[in-house]
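Enquirer: Per this note's numbering, the very first residue in the sequence shown carries number 1; after that it's consecutive.
Just so you know, the hints here were simulated from the structure itself, not pulled from any lab data. One thing to keep in mind: the hints can contain errors.
[As the list claims (entries may be wrong)] Cβ-Cβ distance ranges computed for the label pairs, FRET-style:
hint, residue 1, residue 2, range
1, P7, P84, 39 to 45 Å
2, N143, N99, 24 to 30 Å
3, Y36, K113, 33 to 39 Å
4, I17, Y120, 26 to 32 Å
5, S85, L10, 32 to 38 Å
6, D52, S139, 24 to 30 Å
Heads up, the beta-carbon is just placed ideally off N, CA and C, and yes, glycines get one too.
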Amino acid sequence: QDTMKRPDYLNKIKKIIVGLEKDDIILRILRGFYEYPEYNDFVGEYISPAPDKIAHAPARNYGWTTIPCGDAALNIMGFFAQVPSAWPYVSDGIYKEYNYGNVKIKFKHTTNKEISNLSYKIALPIQAIKALGKENIDSKTVNRIARVITLT
1 QDTMKRPDYL NKIKKIIVGL EKDDIILRIL RGFYEYPEYN DFVGEYISPA PDKIAHAPAR
61 NYGWTTIPCG DAALNIMGFF AQVPSAWPYV SDGIYKEYNY GNVKIKFKHT TNKEISNLSY
121 KIALPIQAIK ALGKENIDSK TVNRIARVIT LT
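Required output: the full structure, derived from the provided sequences and hints.
Expert: Structure, rendered in structure tokens:
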């Protein structure tokens, strides 16, 4: 613990991280958050992580439970083909916004009972249904949700 307080030690860590970043071994997605870059054979280069992966980095770090909501939930469930510029998430953490390139990730605090004891597989469709609204739920919507749940 004492060695972590030394500026020279922190500078060495920073240099190592910068070197790993320059060599494309790690990718800085947010300040203090890194991921391994993913190589896409189709494009022939490293691609940026998906917004959902970016959102999980601070959630993992802070121990938050997060679930996509609104347009993000609709996009992931296949109801909304357009990729949203802002990706909202409900979370048992704090209200917080992060920007990565042209993507904005918004965490909205919600009660623990709404997400904490639910699996992602169940909580995501619930958020999609909330985004659609009761009046927009029909048999086609129910079938699509059932298909997505059984595939994941």
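Enquirer: Which earlier hints turn out false for this structure, listed by number in ascending order?
Expert: Going through the list in order, the structure violates hint 2 alone and respects the others.
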